[in-house]
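S.K.: In UniProt numbering, the protein residues as written are 1 to 459.
Calculated from the structure, these hints are not laboratory results. Treat the numbers as computed from the prediction; the structure is a model and nothing was measured. Be careful, since some hints might not be right.
Lysine to any residue pairs mimicking SDA-like chemistry, simulated, CA-CA at most 25 Å apart [claimed, not checked]:
#1 438 x 216
#2 435 x 127
#3 435 x 424
#4 438 x 87
#5 435 x 65
#6 438 x 356
#7 435 x 335
#8 435 x 336
#9 435 x 305
#10 435 x 359
#11 435 x 267
#12 435 x 337
#13 435 x 447
#14 435 x 302
#15 435 x 227
#16 435 x 105
#17 438 x 6
#18 435 x 420
#19 435 x 5
#20 435 x 400
#21 435 x 378
#22 435 x 304
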Amino acid sequence: MATFPLITHERAGQPIAWRDGSPVSAGRFLADVAQVRACLPAGRHMLNTCTDRYRFMVGLAAAMSAGKTSLLPSTQTAETVRQMLQFAPDAFCLCDADTAIAMPVCRFPVLATPGTSAAGQDDAAGFNVPAIDADLCVAYVFTSGSTGVPQPHPKRWGSLVRNVQAEARLCGMLDGRSHAVIGTVPPQHMYGFESTVLIVMQSANALVAGPTFYSTDICEALRATPRPRTLVTTPVHLRSVLGAGLALPQADLLVSATAPLSAALAVEAEAGFGAPLLEIYGSTETGQIAMRQSARTQEWQLFPGLAFEQVNGVSSVSGGHVETPTPMSDVIEPREGGRFLLHGRMADLINIAGKRNSLAYLNLQLNAVPGVLDGVFAMPEEADACGVTRLAAFVVAPGLAPAGLLAALRERIDPVFLPRPLVFVDALPRNATGKLPKEALARLAQASAARPRAGGEGA
Numbered sequence: 001m002a003t004f005p006l007i008t009h010e011r012a013g014q015p016i017a018w019r020d021g022s023p024v025s026a027g028r029f030l031a032d033v034a035q036v037r038a039c040l041p042a043g044r045h046m047l048n049t050c051t052d053r054y055r056f057m058v059g060l061a062a063a064m065s066a067g068k069t070s071l072l073p074s075t076q077t078a079e080t081v082r083q084m085l086q087f088a089p090d091a092f093c094l095c096d097a098d099t100a101i102a103m104p105v106c107r108f109p110v111l112a113t114p115g116t117s118a119a120g121q122d123d124a125a126g127f128n129v130p131a132i133d134a135d136l137c138v139a140y141v142f143t144s145g146s147t148g149v150p151q152p153h154p155k156r157w158g159s160l161v162r163n164v165q166a167e168a169r170l171c172g173m174l175d176g177r178s179h180a181v182i183g184t185v186p187p188q189h190m191y192g193f194e195s196t197v198l199i200v201m202q203s204a205n206a207l208v209a210g211p212t213f214y215s216t217d218i219c220e221a222l223r224a225t226p227r228p229r230t231l232v233t234t235p236v237h238l239r240s241v242l243g244a245g246l247a248l249p250q251a252d253l254l255v256s257a258t259a260p261l262s263a264a265l266a267v268e269a270e271a272g273f274g275a276p277l278l279e280i281y282g283s284t285e286t287g288q289i290a291m292r293q294s295a296r297t298q299e300w301q302l303f304p305g306l307a308f309e310q311v312n313g314v315s316s317v318s319g320g321h322v323e324t325p326t327p328m329s330d331v332i333e334p335r336e337g338g339r340f341l342l343h344g345r346m347a348d349l350i351n352i353a354g355k356r357n358s359l360a361y362l363n364l365q366l367n368a369v370p371g372v373l374d375g376v377f378a379m380p381e382e383a384d385a386c387g388v389t390r391l392a393a394f395v396v397a398p399g400l401a402p403a404g405l406l407a408a409l410r411e412r413i414d415p416v417f418l419p420r421p422l423v424f425v426d427a428l429p430r431n432a433t434g435k436l437p438k439e440a441l442a443r444l445a446q447a448s449a450a451r452p453r454a455g456g457e458g459a
C-alpha cells in the first residue's frame, strides 16, 4: 500500500504555523492533531468550518489520521448543509465559533498545549509523523452544476501530494528555508486548500493562522512574519490593498488565482510588494494545473507531467496528479512545450451582432480603466423588447462620471459591447474568494432594475 507522510517536516522544532508573530512547532502540531482526533465523533464525513487557518489544518489532519473525509462545499448556507447531509447522512461539523448549522456539531477543543511556541519541542524523541494511505479520499470539494445541486469531486491524498509538491517546487519553496505562507482566501476553497494548507504540510513550511482578509490585516500579517514570506491572494484583494494607501511590507513571492489578473495589476503588485507574482490556473475538478508570471507573459505553463488533448474544441487535461482526462471549461490555445493561452470560459463567450468576445476579456478592460475600483459585465437572460441583446455592467468608480467611463471603454472595446445599462454601485457582492456568485449578481441586477440608467444608452 502506497503512503505519504501527513507532513514533511523532519524535526519536531520546525515551525509549521505562525500566530501573532510566534511559531507553532511541528511537534506541537502533531500533539494538537492527536487531541482533536480523540474528540471527533464516529461519523466518517466531517464538515470543517474552522475559520482559523491553523485550526482548519489541525482538524483536517485529525480527520485524515482517523480515516475520515472532509466535506468542503463552496458555501455553508442552510440549504447547502441540508444537501451535505443528503450526500453524507453521517456527517458532523467541526467548528471553532458559534454556529447554527443543523447537523451534529463538534466544537474545536481548547488545546492542551499553548500552541504558540516551539520552545521545548526540538527533541526528536516521540516525533512520529503518521503515514496516510495514498488512496484515502481526504476531501470532497463541491461545485454547483446547472441545477444548483453541489457536485462532489473526491480528492485523494496521493494526487494532492503530487499536486502541491509540484507547486512548491515551481514557487521555489523547497530550497531548505522555512517559508511563511499568508493567505487571504478561505482554506475551504480549493485554491486556499491547496496553496495555503496542503502546500505547507507537504513542503515543510509554515502557514499564518490569523485573519488576513482586510488590507490592514494583510499588511500586519506580513510585518509580523519572518521572511521569506509568500502572500497567496486574489486580484480583488490585490486591488484593495494597493488602493488603500498603506505602506506595503516587503514580500518574497505573490501568488494569485480565482479570477483573471491583468498585466497592469500584476506589474503594480510586483512593484508595491517588491516581489515576483505567479498566477495559478486550474479548476475544482483538476486542482491547479498551470502557472505564469503575469507581469511578463500571457502564456501559461502546464505543471510537469500534464498535457492537453483537444476533441471537438474541448480541451481535456491529464497526467501528473490528474488521474483521468478531465475537460476544462475554458477556450484553450495549446502552444509548444506545454505552454498555452486562455481565451475565456466557454460559458462566457458571447456573440452580439455577429461579433464575438468573452466576458472575461470585457471585465479585464473595464477594470483597467483608471478610476475603476471594481467592475463586472453581465449577460442578460433574455433579449430586450426589440430582440436585441444588451450587456449590462456594474461598476464601483466613485470618481468617474458615466459619460467619461463609456468614453474610456470605447477606446478599449467594440461599441456593440458597450454596457446598456451601466450601473454604478457602492460595492460588488463578492464572496471571500473574490468571486461573484451568479445568484448574488442576479440579485444585484434585480435591485438596480428600477434605478435610473446612468449613461447606458447610445454608443
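S.K.: So if I understand the rule, the pair passes when the alpha-carbon distance is 25 Å or less; does residue 435 with residue 447 pass?
M.R.: The given pair, whose Cα atoms are some 19 Å apart, holds under the 25 Å limit.
S.K.: Would you mind confirming whether the straight-line C-alpha gap from residue 438 to residue 356 stays at or under 25 Å?
M.R.: Holds - the C-alpha atoms of residue 356 and residue 438 are around 22 Å apart, at most 25 Å.
S.K.: Given the hinted pair residue 438 and residue 6, is their Cα-Cα distance within 25 Å?
M.R.: violated, 37 Å
S.K.: With a cut-off of 25 Å on the C-alpha distance, tell me whether residue 435 and residue 304 pass.
M.R.: violated, 28 Å
S.K.: Between residue 435 and residue 359, is the straight-line Cα distance small enough, at 25 Å or below?
M.R.: With Cα atoms ~14 Å apart, residue 435 and residue 359 stay inside 25 Å; holds.
S.K.: Given the hint that residue 435 pairs with residue 424, test it: the Cα-Cα distance must not exceed 25 Å.
M.R.: Given that 25 Å is the threshold and the Cα spacing comes to 19 Å, the pair holds.
S.K.: Would the pair residue 435 and residue 378 pass a check requiring their Cα atoms to be no farther apart than 25 Å?
M.R.: holds, 14 Å
S.K.: Under the criterion that the straight-line Cα-Cα distance not exceed 25 Å, is the pair residue 435, residue 127 satisfied?
M.R.: It is violated: about 41 Å lies between the C-alpha atoms, which goes past 25 Å.
S.K.: Would you mind confirming whether the straight-line C-alpha gap from residue 435 to residue 336 stays at or under 25 Å?
M.R.: violated, 31 Å
S.K.: Are the Cα atoms of residue 435 and residue 5 separated by 25 Å or less?
M.R.: violated, 33 Å
S.K.: Is the straight-line distance between the alpha-carbon of residue 438 and that of residue 87 25 Å or less?
M.R.: Given that 25 Å is the threshold and the Cα spacing comes to 23 Å, the pair holds.
S.K.: CA of residue 435 to CA of residue 65, is that 25 Å or under?
M.R.: violated, 33 Å
Against the hints set out earlier in the document, violations occur for numbers 1, 2, 5, 7, 8, 9, 12, 15, 16, 17, 19 and 22.
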